[in-house]
Amino acid sequence: MCDAVSPQKVDVLIIGAGPAGLAAAIAAKEAGAESLLVLEREDEMGGILRQCIHNGFGLHRFKVELTGPEYAQRDVLRVHELGIDVRCGVTVLDVTSDRLVTAISKQAGLTRYQAGAVILAMGCRERPRGALAIPGTRCAGIFSAGTAQKFINLEGYMPGKKVVILGSGDIGLIMARRMTLQGATVLACVEIMPYSSGLNRNIVQCLHDYDIPLLLSHTVVDIHGRERLTGVTIAQVDHQRQPITGTETYVECDTLLLSVGLIPENELSKKADVPMNQATQGAVVDDSLQTDVPGIFACGNVLHVHDLVDFVSAESFKAGKAAAAYARGERRKGKMIRVLDGEGVRGATPQRIGLPQTDDEPEPIQVLFRPACVYENAVVRVLDGQKEIHRVKRRILAPGEMADLTLSPKLLGALSGQDITIHIDASEGVCAWNS
Amino acid sequence: MLRCDSGNERYGALEGKRVHTEILVIGGGLIGCAVARELSRLAVDITLIERTEDVAEGASKANSGIVHAGFDAKPGSLKAKYNVEGNRRFAAYCQEVHAPYVPSGAMVLAFDQEQRQHLESLLSQGIQNGVEGLRIIENAEILALEPNTNPAVQCALLAPSSGLASPYELTCALADHAAVNGVRFLFDTQAIRLQKRENGFLVTTNHGEITATILVNCAGLFSAELHNQISTHKLSIMPRKGEYYLLDHEEKPVFSRTMFQTPTKMGKGVLVSPTGHKTMLLGPTAQQVEDALDVATTAEALASIREKAAMTWPHMSLRTNITTFAGIRAHEAGDDFIVGATMDAPGAYEAIGIESPGLTAAPAIANALYTQIAQEHSYACKQAWKPAPDLPKAFSAMNLEERAQAYARDPAYGNIVCRCEQVTEAEIRSAIHRPVGARHVDGIKRRTRAGMGRCQGGFCSPRVMEILAEELQIPMLEITKFGGQSRMLTDSLNPSIKEDKGHV
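Protein chains in written order, with this note's numbering: chain A, 1 to 435; chain B, 1001 to 1504.
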C-alpha cells in the first residue's frame, strides 16, 4: 500500500469549508487547537454562500447587510489570518467512529488522517422531485432551486424562461426574484401548505415586490413535456394536502424549480455510526455540539437546517471551541439530561444538556426548534419532568422560522436531573395546521 | 458499402444518401444490441439504427431488472424456452461483457389458500419448464430468510436461480462489444418504411435510405408496425406501462431477494426488490396505454404501488424515495415472444413482443437469431472476434488500495463529481469515450451512475454538463438531458457565448 494512505495525525479535522466549517475552524484555532485541517470538496471556500449573491446576510453577527460571498469572505480572511490549513477539491470518503478520516483529491490522491476531534460541517442538500413523487414525465427543465441558482450565479447560464416554482422555501423565493431580474417570467410560486416555509421578508422582497403570485394550499399534480418541459398542472389541496378534483389548472412553462425542503447531508455521519435525530435528520448532539460518538461534533445545516447563516456561525463557533478542548484531552463530567420535543415542537437542538457541575459558572444554553404549525400568541413552556420551570410568550411562531429559547444559568442550576420537555401551548394560540 | 471501422457514426450521417449494409438491425434497445453483438461474430458489414440518441432509451432503461427463474411462462411457449435458457446463461453472459449481475434469488408470496394453490401450479409449471431449485417454503422459513416480510404470509415459492441485472448497463456493454467488432451505430435514425426488394430490403429513415440484404427487426414498441409493412401475417403491439418507485440504498437492505406477489392476468404484479446497486425498486403497475412513448407517471398508479407493496413490506417507508419512473413494455396481442424469420419476407428476422421476461431471455433470443441467420446465409465467422472492451471497476466499488492505484493511473479519479454515488471525473470522461459513448446527461447517468443517487443530479449535473461540453467540444447550451429538444439550459448570460455558439 502506498505511503499516501498511512494516516497523518491532526488535532481537529473539519469536514466542509462552508459557513459552518469556517466558523468552527476559526473558533478551534482561537481556542488553541494546534494542528487543524479543513477539507472542502469544492474548489473554493464559502459553501453555498458563494452562489447566494443576494444580500441580507450578517445582520445579527456583523450588524450590517452583506451578500453571501461578502459574508463568507469575512471568515475566509480570518482563516487566512490565523494560518488555518484549508484544502479545497478534497472529498472525504469515509469517517470512522474512532475518527479515522479518508479523503481523496485530484492534487494529492488518497489521504488519511487520524483526528483528535472531527467536526461534521457538510451542510445540506435539496429534496429532489422524487422525494415528492410528483406524477408526470421526466423531461428536461426541472431543477432544484439551488441548482438553478448555481447555473445562473456561478456558471452564467439561464435554465429557463417561463418558470413555475414549487415550494416557498427561501431558495425558491430568492430564485423567483433572481430569474425575474434576469428576464425570465416567473408565473407563480406554488406552496402545498397554507403558509410559506420561507422567511417573511423574502416573501415581501422576492414575490410581492415583483407581483409574483404565491398560491398557498396548491401543488403541482402533473408535469408535461416529452423532451423539454411544456407545462405543469396545478391544483388546490384540501386539509390533508390531497389535490381537490376540479381545481386543476394547466400552466404553460418551460421550467419548474423545486424548493421543497432541505435535508442535512449526513452520509458520512452515518458511516461513523453517529446516531441521528428523526426530526432534524441531523445528529443527536449535546450542548457542546458533540454527537453521541465521542470526539465527533456537528454544526450548521448538517446538524439541522437553519434559516440564517448568522446562527450557523454562532453554533459552529461553539462546536469549534468544544472540539479543540476535546482534542486537548478535556472531557465533560457530570450527568446529561435529554431535551425532548413536546407538543408543537419539532427537532429541539441540542438533544442533551450537561447538568452544571458545582464548581462551574454555567453558561446559558440556547435551544433551537421548529414549531410544528403557525401559532399566534403562543406560550412556550419548559417542563422539568412534569413540572413547569419556565414559560415565554411568543406573538407568532411558524415552521418557516426557527424558534429559540434560552435556558439561563439560574434555570440550569435549579434543574432536578430529570429530562426536560419543550411544549408549545396551543390552547392560547391558533394552530393553523395539524401536520 | 458503409465503412465499419469507425465504430459509431452518428446524427444524420445518412442525410439525403442511400447506403448499403449487409445486415441492418433496427433498434438499439437491449435486444437490438444483444443481437448486433452476436452477429458481430460474422465477417459481414452490420449496421444498427436507433431512433433516439443513445442505446437503452426505451423499455431497456425502465424495467425491473430481474433475471427471472422461468416458472411464470406457460410450458411450451417461447417465453418459457428463452427465459429458462437465458437464465442459465445470464451470469456468464454479464461477465463476458463486464456488466453487473447479482444472483439474489426470489420469492413469490401467497397470503391465502387460493394463492397457495396458485403457487403450487407455478411450481409444477416451473418444473415442467426446467427451472431448478424451486420449492415451496412456509411462513417461518420465509421470515427467517426475509425478516421484513409481512408476517401474515402463508407460504412462498422460493426461486434460488432468480437474479438482479442492470438492463441499461448491460445494453451499453453489449453495444460497446458490438461496436469494437465493427458494428456501426446510427443514432437519431428512425426506420419509417420497409420495402421488400429483389435481394433484400429498402429502409427509408428520417435521414436517408438504407438497403440491406438482411433485416433484423428489434424495434420494440414499433416492431409490429414495421413487421406489418413487409408481412401479410399481421401483428399488434399493445403498449403496457409499468410505473416504479426507486428508493435509495441503505446500510442494511430491507430485502435481499426479489419479493413477488402471486401473479395476476396482467403480469407478475407488484414486486419489492433490491437492485444490483443496492437501491430498492417497488413496482411495476401494468396499464394498457395508447401512446407507446407515454412514460409519464400517474398519481393513481403510484398510489396503487404504495398500497400493493405494503402487502409484502408492512413497514414500508418511502422516506428515501429518490425517483419514480415508468417504462413501456411491448406486449404483443398473441401474448408470446415472436423470434425468428419474418413470415413471407425472406431475409427478414425479428424479435417482437419482448416484454418480461425479455431481459432474462435476451442472451437466448440473440443466440437463436444469430444461429439462424448464420446458418441460413452461410456467413463465415470473423477470424478474430474481439473480447468486450474492459470496463474498469467503479470507483465506488473499489477498496482503498484499488482507489490508490486508480488515482496513480489517472489523477481524475481524485475528483469526485457525483457525491451521492461517488462517481469520479475519470469515470465520466471515459464514459464519453466508450465505443458507444455517452452523448447526454442521462447517457452519463446510465453508464456511470452520476446523478442516479439521492440528490438526482442537483449537485453534479452542472459539472457533468461541463465535462460533456469539453469532451464533445460542443457549447453548454447544446447539452441535452437525453437528446432531441431536451436541452438543459436556454440562454447564456455571457454575451460573447450567445453570439458565438460554436465556441465555449
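Incorrect hints may appear among the rest.
Said to hold, decoys possible - Pairs of lysine-lysine, PhoX-like flavour, derived with a Cα cap of 25 Å:
#  : chain 1 : residue 1 : chain 2 : residue 2
1  : A       : Lys410    : A       : Lys387
2  : B       : Lys1278   : A       : Lys270
3  : B       : Lys1268   : B       : Lys1278
4  : B       : Lys1234   : B       : Lys1074
5  : A       : Lys335    : A       : Lys393
6  : B       : Lys1252   : A       : Lys271
7  : A       : Lys410    : A       : Lys393
8  : B       : Lys1393   : A       : Lys271
9  : B       : Lys1278   : B       : Lys1074
10 : A       : Lys271    : B       : Lys1278
11 : B       : Lys1393   : A       : Lys106
12 : B       : Lys1252   : A       : Lys270
13 : B       : Lys1265   : B       : Lys1308
14 : A       : Lys9      : A       : Lys271
15 : B       : Lys1265   : B       : Lys1234
16 : B       : Lys1278   : B       : Lys1234
17 : B       : Lys1252   : B       : Lys1308
18 : B       : Lys1393   : B       : Lys1278
Honestly, the hints are just simulated from the structure, not real lab data.
This one's a predicted model, so the numbers in the text were calculated from it and none came from an experiment.
Hint check:
Annotation: proposed proximity of Lys410 (chain A) to Lys387 (chain A) holds, straight-line Cα distance about 16 Å (limit 25 Å). Distance check on the hinted pair: Lys1278 (chain B) and Lys270 (chain A) sit about 17 Å apart at the alpha-carbon level, within 25 Å; holds. Distance hint between Lys1268 (chain B) and Lys1278 (chain B) is fulfilled; the C-alpha atoms sit about 22 Å from each other, no more than 25 Å. Distance restraint check for Lys1234 (chain B) and Lys1074 (chain B): the Cα-Cα separation of roughly 23 Å lies within the 25 Å cut-off, and the hinted pair is therefore satisfied.
Our distance criterion of 25 Å between C-alpha atoms is broken by Lys335 (chain A) and Lys393 (chain A), whose separation comes to about 30 Å. A distance of roughly 12 Å separates the Cα atoms of Lys1252 (chain B) and Lys271 (chain A); the hinted pair therefore holds under the 25 Å criterion. At most 25 Å may separate the alpha-carbon atoms for a hinted pair to count; Lys410 (chain A) and Lys393 (chain A) meet this at roughly 19 Å. For the suggested pair Lys1393 (chain B) and Lys271 (chain A), the alpha carbons sit about 22 Å apart, so the restraint of at most 25 Å is met.
Straight-line distance between C-alpha atoms of Lys1278 (chain B) and Lys1074 (chain B) comes to about 31 Å, which puts the hinted pair past the 25 Å bound. With a C-alpha separation of about 16 Å, the suggested pairing of Lys271 (chain A) with Lys1278 (chain B) holds against the 25 Å cut-off. Using a Cα cut-off of 25 Å, the hinted pair Lys1393 (chain B) and Lys106 (chain A) holds, with the two alpha carbons roughly 19 Å apart. Simply put, Lys1252 (chain B) and Lys270 (chain A) have alpha-carbon atoms about 12 Å apart, close enough for the 25 Å limit, and the pair holds.
With a C-alpha separation of about 16 Å, the suggested pairing of Lys1265 (chain B) with Lys1308 (chain B) holds against the 25 Å cut-off. At roughly 20 Å between alpha-carbon atoms, Lys9 (chain A) and Lys271 (chain A) fall within 25 Å of each other, so this suggested pair holds. Taken as a hint, the Lys1265 (chain B) and Lys1234 (chain B) pair is honoured in the structure, with Cα atoms around 24 Å apart against an allowance of 25 Å. With a C-alpha separation of about 42 Å, the suggested pair Lys1278 (chain B) and Lys1234 (chain B) falls outside the 25 Å cut-off, and the hint is violated.
Taking the CA atoms of Lys1252 (chain B) and Lys1308 (chain B), the gap is about 23 Å. The hint holds against a cut of 25 Å. Taking the CA atoms of Lys1393 (chain B) and Lys1278 (chain B), the gap is about 16 Å. The hint holds against a cut of 25 Å.
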